[in-house]
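Engineer: Residue-level listing of the chains:
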Amino acid sequence: MPDLPNPVDLAVPAFVLLVLAEMIVARFRDRSRYCPRDTLTSLMLGFGSTIAGVLAGGMVFALASWVHQFRLFDIGYAWYWFAIAFVLDDLAYYVFHRSAHRVRWFWASHVIHHSSQHYNLSTALRQTWTGFFSLGFLFRLPLFLIGFPPAMVFFVAGVNLVYQFWIHTEVIGRMPRWFEAVMNTPSHHRVHHATNARYLDRNYAGVFIVWDKLFGTFEAERDDDRPRYGIVHNLPDFNVLRAAFHEWWGITKDVWRAPSLYARLGYMFGPPGWSPDGSRDTSETIKARWQARQERGQHWKKPISSSSVPGPEAAPPRAA
Amino acid sequence: MNWWLAAGSLAAVLMLAGIAWALRLGGENRIATPADASRIAEDWIAGFEAHDAVICSNGSGALVFGTRGSVALIRPSGARFIVREMRNPRWRSSESGLEIETGDRTPVRLYLPQAEAAALGARLDATADNDVSNSRA
Chain A
1 MPDLPNPVDL
11 AVPAFVLLVL
21 AEMIVARFRD
31 RSRYCPRDTL
41 TSLMLGFGST
51 IAGVLAGGMV
61 FALASWVHQF
71 RLFDIGYAWY
81 WFAIAFVLDD
91 LAYYVFHRSA
101 HRVRWFWASH
111 VIHHSSQHYN
121 LSTALRQTWT
131 GFFSLGFLFR
141 LPLFLIGFPP
151 AMVFFVAGVN
161 LVYQFWIHTE
171 VIGRMPRWFE
181 AVMNTPSHHR
191 VHHATNARYL
201 DRNYAGVFIV
211 WDKLFGTFEA
221 ERDDDRPRYG
231 IVHNLPDFNV
241 LRAAFHEWWG
251 ITKDVWRAPS
261 LYARLGYMFG
271 PPGWSPDGSR
281 DTSETIKARW
291 QARQERGQHW
301 KKPISSSSVP
311 GPEAAPPRAA
Chain B
1 MNWWLAAGSL
11 AAVLMLAGIA
21 WALRLGGENR
31 IATPADASRI
41 AEDWIAGFEA
51 HDAVICSNGS
61 GALVFGTRGS
71 VALIRPSGAR
81 FIVREMRNPR
91 WRSSESGLEI
101 ETGDRTPVRL
111 YLPQAEAAAL
121 GARLDATADN
131 DVSNSRA
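These protein sequence lines map, in sequence, to chains A and B.
To convert, note that position 22 of the first sequence is 22 in our numbering; the numbers rise steadily by one, no gaps.
To convert, note that position 97 of the second sequence is 97 in our numbering; the numbers rise steadily by one, no gaps.
No wet-lab data here; the hints were simulated from the structure.
A quick note: this is a predicted structure, and the numbers were derived from the prediction, not measured.
For glycine and all other residues, C-beta sits at the position ideal for the given N, C-alpha and C.
All the given hints hold, so there is nothing to weed out.
Not close to chain A: a few residues of chain B, all C-beta gaps over 10 Å, as computed:
#1 Val54
#2 Ser60
#3 Gly69
#4 Glu95
#5 Arg109
#6 Ala119
One side only, chain B facing chain A, incomplete, derived with CB under 10 Å:
#7 Leu5
#8 Gly8
#9 Leu10
#10 Met15
#11 Gly18
#12 Leu25
#13 Gly26
#14 Asn29
#15 Gly47
#16 Phe48
#17 Ala79
#18 Phe81
#19 Ile82
#20 Arg105
Based on the sequences and whatever the hints tell you, model everything.
Structural biologist: In structure tokens form, the structure reads like this:
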């Protein structure tokens, strides 16, 4: 077995330099793209996620190795197997990521990444502390059953994660058309991070946006509907612990007060916002209200020329 | 990851946060006009239709009354805003203004003259009981 490096470890210096470069661009173009407290929270969550990953990594690798012994095929380390593993791992990521938005148990872990109202390279580093606890790693097990060696899968998964770093930016508008058609880009991923009703639960791709186009979850960024980032119920402060655990705490409270087993299961494994009486907002109810208003013929956006707040009409610039 | 990488990562985190401060990124948001407040509420709350808005004296918060009996409370959060939709919120008026409970740990204070704060609180109560769109038709 070759001794493969951890791509994320190797990329850390580049992460730091690129965040620094984006901050300098923000200083001259739009200071509100960064907020120091938000940045510190994002980076501390990223640091904590790395530590959590190290603590859980051994167990995940051991589980992967155990599953791998039941493999269907013997797959070696030829370069083309890396390429195939990369594509299949990205498909597994799509399935995981879609579940992470549609099943509250997984959302509780993933929401951390969406909890910033900013969309910049530091947001990319705002990663979960509870990925192991939420069992998100289960989505990769089929690759080991097929026969891809664990070391190869974790290597390509690291490359996947490194790719996703650069798409968390407003500095880049749109990439060339052919690239936008195949790859996940800043434009596609801005849609994913947006809370605009039109954009909710769209663009789950990691590297290849083709998965969303294939499975009907693609939404293009529109110049007349600028993304607003964050979560539907934004966090009240920049507390790192709140960001890391608030949804788990929400699940705990809901399950504790739930009137029945059905409600308990719904609170844990239903979509985010599910409630037994339907009194809370899910992405479906939000979209329905938005749609109803659209159909009433009232424009969602009302440009106000006297506003001091940047209007939602303008899309992010096409280049820094 | 080894200990050196962990220590280096932590140092980089603190350095980048410090640089963000030094570059004076972000800043404090303020709500300039009722029209701004209305638009923010409509942007953030799906289906919300603003009827009118009241912003507090220093622009650090606003109440937006909807056409269908709900009320949005807006307050700046760094360079962005926190928007909460409320129905029948608890409130308290004082010399410094109106204090409203949103469900978050800390109530939000709108700086207003006391008489204005009390009147606004009474309107919150009235809004909870009546559909604004009907009462103002």
